[in-house]
Amino acid sequence: MKNIIKSVKGTRDFYPEEMAKRQWLIEKIRQTSELFGYEVYDGPCLETIELYAAKSGEELVKEQAFVFPDRSGELIALRPELTPTLARMVAARQNELTFPLRWWSFGPFWRYERPQKGRSREFFQWNIDLIGVDSVAADAELIAVAAKFFQNLGLRPDQVQILVNNRKLMERELNFIGISAELRPAILRLIDRIDKQPAEAWDENVLKLGLLPNQLSSLKALLANKDLWQRSNELLPLFWQLEALGVAEFVAYDPKIIRGLDYYTDTVFEAHDTTGEFRAILGGGHYANLVEDVGGKPLPGVGFAMGDVVIMLLLEALGLIPEQKRSGKGVLMTVFDSAHQEIAARIATHLREAGLQVILYPEADKLAKQLKYADRIGVRCALVIGPDEIAENTVVIKDLATRQQESVPMQALVERVKNLLA
RNA sequence: GUGCCUGUAGCUCAACGGCAGAGCGCCUCACUGUGGAUGAGGAGGUUGAGGGUUCGAAACCCUUCAGGCACCCCA
Numbered sequence: 001m002k003n004i005i006k007s008v009k010g011t012r013d014f015y016p017e018e019m020a021k022r023q024w025l026i027e028k029i030r031q032t033s034e035l036f037g038y039e040v041y042d043g044p045c046l047e048t049i050e051l052y053a054a055k056s057g058e059e060l061v062k063e064q065a066f067v068f069p070d071r072s073g074e075l076i077a078l079r080p081e082l083t084p085t086l087a088r089m090v091a092a093r094q095n096e097l098t099f100p101l102r103w104w105s106f107g108p109f110w111r112y113e114r115p116q117k118g119r120s121r122e123f124f125q126w127n128i129d130l131i132g133v134d135s136v137a138a139d140a141e142l143i144a145v146a147a148k149f150f151q152n153l154g155l156r157p158d159q160v161q162i163l164v165n166n167r168k169l170m171e172r173e174l175n176f177i178g179i180s181a182e183l184r185p186a187i188l189r190l191i192d193r194i195d196k197q198p199a200e201a202w203d204e205n206v207l208k209l210g211l212l213p214n215q216l217s218s219l220k221a222l223l224a225n226k227d228l229w230q231r232s233n234e235l236l237p238l239f240w241q242l243e244a245l246g247v248a249e250f251v252a253y254d255p256k257i258i259r260g261l262d263y264y265t266d267t268v269f270e271a272h273d274t275t276g277e278f279r280a281i282l283g284g285g286h287y288a289n290l291v292e293d294v295g296g297k298p299l300p301g302v303g304f305a306m307g308d309v310v311i312m313l314l315l316e317a318l319g320l321i322p323e324q325k326r327s328g329k330g331v332l333m334t335v336f337d338s339a340h341q342e343i344a345a346r347i348a349t350h351l352r353e354a355g356l357q358v359i360l361y362p363e364a365d366k367l368a369k370q371l372k373y374a375d376r377i378g379v380r381c382a383l384v385i386g387p388d389e390i391a392e393n394t395v396v397i398k399d400l401a402t403r404q405q406e407s408v409p410m411q412a413l414v415e416r417v418k419n420l421l422a
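Terminal number for the first sequence in our numbering: 422, no gaps in between.
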């Protein structure tokens, strides 16, 4: 490999084999989304930087988005997330849309980050939101969508868990410990990272923020309390509703789930593989106000986003991605020699008109080579027409799997091939 | 953005500072009307790139690029 121009750092090439897997994943996403009555939508991949400045906070755009000036000098960002776009789209038609809105989307996103396993600079993301209701039932539904999706993929509750918490609950509990309102955001951010730091370092960081040692131990007791949810007016009904929705097995309470995004206000959730080998599979939560920052009237909702990278790594590791067969249903029309190129093309066209997938060999070549090609691309059978067949007005059908071949009259060809492929 | 690890043929990997190799794959032929087997040939490398040390570098040093791991961040 000498002078092949390199791809952009953190991007991936999808050769047909990988593309087939991606399409398979999209199909699962579509099925699950539609099962719950969600409609597909999409926005542009380019947005003005103002949109994100309004919605996502400045650090996101400055540090992690691909931003460039267009020819007029306006700063444009490659979308790093969909929520601001969604907010903009909803706000623009706020008075004509029918709420609650159930929308889903799948598309590419970009973040200027250091690539590593489970994280690339260009990735695909499933976004799904229920907008215009503030209820716990809405939260339960989105969690159920995620759980149902896992079920559709063949994942079991012992392999993947959706961990749930509630920010209001945490705010209240932190208040009980005597942590002031201005300290809480920093503490919440630390809680979010507790599993990523050595215990001593974490303790130190907490004390550095100004907590007293007894507050630290109260905080740690809080984070170890798996029954904390029973004190939440949102989580109590949430868990029985999840029971009713048939997905309770996939869900657990975890006081350490916070989520980084500021716009989540109530229930938040994150799905992880139970071995802890991979990054979070998906994350989401309840927001009080989707569109106000972009100029609309306040509108609550709940949603989550799932990147394609981690889920595929997990499914790959668990052997849950079915073999994507290449072609398999098609026919290869061989070209015996240059004198038979025309008749081969006519037969190919004839079969295509009957709705059959036909690959016409693009030049005259040795039969052995053409059959080897047929074998490799995985077509079900190959057709041969040479001088002998012309004389008899027949075509040879060769079944690649059984290695059997037969001569069939031209008139019976379509019927015979259809039977073979069925 | 910070630290550490890795980079040799299409793939998986060898080679003490001393001739760059193997297996698999690929191409051709044996087979001028028949694919997975077999056999015989063959192609394919500036050892990621650039510089330095050395009589001599795939190996040691520096830089850079890419990937991986941890941090950061996670929209």
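Check each hint, because a few of them may be wrong.
Cross-link-like lysine to aspartate or glutamate pairs, in silico, EDC-like; alpha carbons within 16 Å at most [claimed, not checked]:
hint, residue 1, residue 2
1, Lys418, Asp337
2, Lys208, Asp227
3, Lys256, Asp337
4, Lys256, Asp203
5, Lys366, Glu323
6, Lys256, Asp293
7, Lys220, Glu243
8, Lys329, Glu277
9, Lys148, Asp227
10, Lys297, Asp134
11, Lys220, Asp192
12, Lys28, Asp13
13, Lys168, Asp134
14, Lys372, Asp399
15, Lys256, Glu182
16, Lys148, Glu34
17, Lys220, Glu173
18, Lys117, Asp273
19, Lys9, Glu173
20, Lys398, Asp375
21, Lys148, Glu27
Just so you know, the hints here were simulated from the structure itself, not pulled from any lab data.
Quantities reported herein were computed from a predicted structural model and do not represent experimental measurements.
Verification of the hints:
no.	hint	in the structure
1	Lys418 to Asp337	violated, 26 Å
2	Lys208 to Asp227	violated, 28 Å
3	Lys256 to Asp337	violated, 70 Å
4	Lys256 to Asp203	holds, 15 Å
5	Lys366 to Glu323	violated, 31 Å
6	Lys256 to Asp293	violated, 28 Å
7	Lys220 to Glu243	violated, 29 Å
8	Lys329 to Glu277	violated, 38 Å
9	Lys148 to Asp227	violated, 25 Å
10	Lys297 to Asp134	holds, 14 Å
11	Lys220 to Asp192	holds, 13 Å
12	Lys28 to Asp13	violated, 21 Å
13	Lys168 to Asp134	holds, 14 Å
14	Lys372 to Asp399	holds, 13 Å
15	Lys256 to Glu182	violated, 20 Å
16	Lys148 to Glu34	holds, 12 Å
17	Lys220 to Glu173	holds, 12 Å
18	Lys117 to Asp273	holds, 15 Å
19	Lys9 to Glu173	violated, 44 Å
20	Lys398 to Asp375	holds, 11 Å
21	Lys148 to Glu27	holds, 14 Å
In the structure shown, a violation is registered for the earlier hints numbered 1, 2, 3, 5, 6, 7, 8, 9, 12, 15 and 19, in ascending order.
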